[in-house]
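Based on the hints, put chain B in the right spot on chain A.
Number of protein chains: 2
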Amino acid sequence: MEKAYVYWFFGLSGSGKSTLADALALRLKSLGEQVLRLDGDQMRAGINKDLGFSSQDRLENVRRAAEIAKLSLEQGISVVASFISPEDIHRRKVKEVLGAKVHLIFVDASIETCKLRDVKGLYQQQAQGNISSFTGVSAPFEKPMDASMRISTEESSVEACIDQIMKQWKEQNA
Amino acid sequence: MEKAYVYWFFGLSGSGKSTLADALALRLKSLGEQVLRLDGDQMRAGINKDLGFSSQDRLENVRRAAEIAKLSLEQGISVVASFISPEDIHRRKVKEVLGAKVHLIFVDASIETCKLRDVKGLYQQQAQGNISSFTGVSAPFEKPMDASMRISTEESSVEACIDQIMKQWKEQNA
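Chain order of the listed sequences is A and B. If you count the first sequence from 1, position 65 lands on 50 in the working numbering, and the numbers rise without skipping. If you count the second sequence from 1, position 65 lands on 50 in the working numbering, and the numbers rise without skipping.
Bound conformation, chain A alone (with noise of 0.2 Å):
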């Protein structure tokens, strides 16, 4: 129960986020931890469905998440969790219910890099005036004065990132 965290990725539609916060769940769970793996598209299709993109939606988005992890947390499964957590209060919040137990880990690439990638073709459907509140070009994305830790996609492969962040997690444990 002691070694439980939550790792929560945030960062702009693109960074990178979900491949990194997957690739770690499994090497958690390759060393035995159990792990509870979050993701802002799957609880938007679920629990979250009934919430919208507006500031204060996307806060009651992140704490609802930020109490899921806390409770699976208290009976020690870990929680890999990516959300874009857009702006300053969203990641407050997190750290509000979540306390010492959370590791935040900014996911960074440009907003030019995360259009060129366009994974889910939402950078081109917004282009094309189909999304009005869109993180990074028409709602704001507040870069992070207080993450745990920032990576960044541009510069290491998935496998180096999350070699980076356990390092990290050992000295800080040491």
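Hints listed in this document are in silico derivations from the structure and should not be mistaken for laboratory results. Hints are not guaranteed to be accurate.
As the list makes no split between identical chains, a pair holds if one copy fits it or if it spans any two.
With a straight-line cut-off of 30 Å between C-alpha atoms, the simulated DSBU-like cross-links for lysine-lysine are [as the list claims (entries may be wrong)]: (1) K34 / K(-12); (2) K155 / K128; (3) K155 / K105; (4) K155 / K34; (5) K(-12) / K105; (6) K55 / K34; (7) K100 / K(-12); (8) K34 / K152; (9) K55 / K14; (10) K100 / K55; (11) K152 / K128; (12) K128 / K(-12); (13) K34 / K86; (14) K55 / K80; (15) K155 / K100; (16) K86 / K100; (17) K128 / K80.
Relative to chain A, chain B alone:
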């Protein structure tokens, strides 16, 4: 993943839902299963603290719990849930979200027995006029027509109830 299920205990306050759910969770863990425990009180202190006790809010309470159970289930983690779920619409919502993967277990004890037990002192508070919407007294509890199973906590010990549940699932899944 195939053997992951949701075990959803429902019934009056004081019927023994949480006691049975805790015992079943322990039993499943001892068999090597990963288990998440979800409880009404626990969720009302966290993710559901924005909700009250109207029929509508109780439905949203149950919907969120069922959605959390679903995402846990999809990752091979069984869920043991204890919620009053007083009306048929609440149980139908659980079925709607979770389909064939949920076992609805009606924890049956008479209101007289529950009042005598009054573990949380809630029936006394209600009698003193401090609780306006109290299931079985001033708010409805609809006896289920369609539970997967009924367990009487007036007739059997906790261990005997758990044995009965395990036996029934084994037969169903044989």
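Going down the list of hints, with the structure as the test:
| no. | hint | verdict |
| --- | --- | --- |
| 1 | K34 / K(-12) | between (32 Å within a copy, 28 Å between copies) |
| 2 | K155 / K128 | within (26 Å within a copy, 53 Å between copies) |
| 3 | K155 / K105 | neither (34 Å within a copy, 43 Å between copies) |
| 4 | K155 / K34 | neither (37 Å within a copy, 35 Å between copies) |
| 5 | K(-12) / K105 | neither (34 Å within a copy, 33 Å between copies) |
| 6 | K55 / K34 | both (21 Å within a copy, 14 Å between copies) |
| 7 | K100 / K(-12) | neither (37 Å within a copy, 41 Å between copies) |
| 8 | K34 / K152 | neither (37 Å within a copy, 37 Å between copies) |
| 9 | K55 / K14 | both (19 Å within a copy, 20 Å between copies) |
| 10 | K100 / K55 | neither (33 Å within a copy, 32 Å between copies) |
| 11 | K152 / K128 | within (24 Å within a copy, 55 Å between copies) |
| 12 | K128 / K(-12) | within (29 Å within a copy, 43 Å between copies) |
| 13 | K34 / K86 | both (27 Å within a copy, 21 Å between copies) |
| 14 | K55 / K80 | both (11 Å within a copy, 26 Å between copies) |
| 15 | K155 / K100 | neither (34 Å within a copy, 52 Å between copies) |
| 16 | K86 / K100 | neither (33 Å within a copy, 40 Å between copies) |
| 17 | K128 / K80 | within (16 Å within a copy, 42 Å between copies) |
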